[in-house]
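Novice: Sequence:
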Amino acid sequence: ELAVKALNICDTNKVETDPLFKNVGAFLTALPDKPPQYGELCDVAKFQYDLEPAKCSPDCHNYKQAVYAASTGVGCAIGVCKTSNLAKVPLNVMVCIYDPGVLRITQPPYESGPVCSKCPDGYECYRNQCRKISPPTTTTTTATSATTSSLITTTSTTTMITPILILQVMTFFLHNA
1 ELAVKALNIC DTNKVETDPL FKNVGAFLTA LPDKPPQYGE LCDVAKFQYD LEPAKCSPDC
61 HNYKQAVYAA STGVGCAIGV CKTSNLAKVP LNVMVCIYDP GVLRITQPPY ESGPVCSKCP
121 DGYECYRNQC RKISPPTTTT TTATSATTSS LITTTSTTTM ITPILILQVM TFFLHNA
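Per UniProt numbering: the sequence shown = residues 1 to 177.
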């Protein structure tokens, strides 16, 4: 929802001062010729960051935001900004919002070690990542007829999977203290 709002604003300066975006991190990727595709952006920026000794190329901030261990939610929106503070021509834009987020991650975004070895209480290892354990959602449906009665119970679990890597084309981070 916030990614759609940021996309509709199409002005990084206005988004940075909007209280709706407090305590979230964001990036914007813009291309003049074609819409950015999320799948094309994955698994590239990791080469710009070295955990030991926490070296970062100038353009690795998207990667650090995407793998920031404290972020538990992400949402993205893709669309066209006809005018923006970034360019005078229409731009195909993808905005992703991370929650919680940090404008400039100065510490390593995660700690090295065995996969999921430092998941905090209330988290489990899923696809080599820590994810918050959420209680299953139970829905009870009762079906009756003139001759029989039955009780059907179904259980479903909702899972949010955060993306791992994002490539930078044009970047900005949003965060208001």
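In short, the hints are calculated from the structure, not lab data.
Don't take each hint at face value.
What the hints assert, rightly or not - Lysine-lysine pairs mimicking DSS-like chemistry, simulated, CA-CA at most 27 Å apart:
1) Lys-132 / Lys-34
2) Lys-82 / Lys-34
3) Lys-55 / Lys-118
4) Lys-14 / Lys-118
5) Lys-82 / Lys-22
6) Lys-22 / Lys-5
7) Lys-14 / Lys-34
8) Lys-55 / Lys-5
9) Lys-88 / Lys-132
10) Lys-118 / Lys-34
11) Lys-118 / Lys-5
12) Lys-132 / Lys-118
13) Lys-14 / Lys-132
Stated by the list, open to error - Here are the simulated distance ranges between beta carbons:
14) Asn-13 / Val-89: 27 to 33 Å
15) Thr-137 / Glu-111: 30 to 36 Å
16) Gly-73 / Asp-18: 15 to 21 Å
17) Cys-125 / Asn-13: 28 to 34 Å
18) Lys-34 / Ala-69: 30 to 36 Å
Don't be surprised by glycine CBs; every beta carbon is placed ideally from N, CA and C.
Novice: Determine for every hint whether it applies to the structure shown.
Specialist: Hint check results:
1. At most 27 Å may separate the alpha-carbon atoms for a hinted pair to count; Lys-132 and Lys-34 exceed this at roughly 36 Å.
2. Taking the CA atoms of Lys-82 and Lys-34, the gap is near 14 Å; set against the 27 Å cutoff, the hint holds.
3. Restraint check: the Cα-Cα separation between Lys-55 and Lys-118 comes to about 22 Å, which is no more than 27 Å; the hinted pair holds.
4. Proposed proximity of Lys-14 and Lys-118 is contradicted: the alpha carbons are some 38 Å apart, above 27 Å.
5. Using a Cα cut-off of 27 Å, the hinted pair Lys-82 and Lys-22 holds, with the two alpha carbons roughly 26 Å apart.
6. Between Lys-22 and Lys-5, the direct Cα distance comes to roughly 13 Å. Compliance with the 27 Å bound is thereby established for this hinted pair.
7. At roughly 25 Å between alpha-carbon atoms, Lys-14 and Lys-34 fall within 27 Å of each other, so this suggested pair holds.
8. In summary, the hint linking Lys-55 to Lys-5 is not supported, as the alpha carbons are separated by about 33 Å, beyond the 27 Å threshold.
9. Distance hint between Lys-88 and Lys-132 is unfulfilled; the C-alpha atoms sit about 42 Å from each other, more than 27 Å.
10. Under the criterion of a C-alpha separation no larger than 27 Å, the hint pairing Lys-118 with Lys-34 is inconsistent with the structure, at around 40 Å.
11. Taking the CA atoms of Lys-118 and Lys-5, the gap is about 34 Å. The hint is violated against a cut of 27 Å.
12. This hinted pair checks out: Lys-132 and Lys-118 have alpha carbons roughly 13 Å apart, not beyond 27 Å.
13. Distance restraint check for Lys-14 and Lys-132: the Cα-Cα separation of roughly 33 Å exceeds the 27 Å cut-off, and the hinted pair is therefore not satisfied.
14. Here the CB-CB span from Asn-13 to Val-89 is close to 18 Å, at odds with the stated 27 to 33 Å.
15. Between Thr-137 and Glu-111, the C-beta spacing of about 32 Å keeps the proposed range 30 to 36 Å intact.
16. Between Gly-73 and Asp-18, the C-beta spacing of about 18 Å keeps the proposed range 15 to 21 Å intact.
17. Distance hint check for Cys-125 and Asn-13: the Cβ-Cβ separation is about 40 Å, which falls outside the suggested range of 28 to 34 Å.
18. At roughly 33 Å, the beta carbons of Lys-34 and Ala-69 sit within the given window of 30 to 36 Å.
Hint compliance for this structure: hints 1, 4, 8, 9, 10, 11, 13, 14, 17 are broken, all remaining hints hold.
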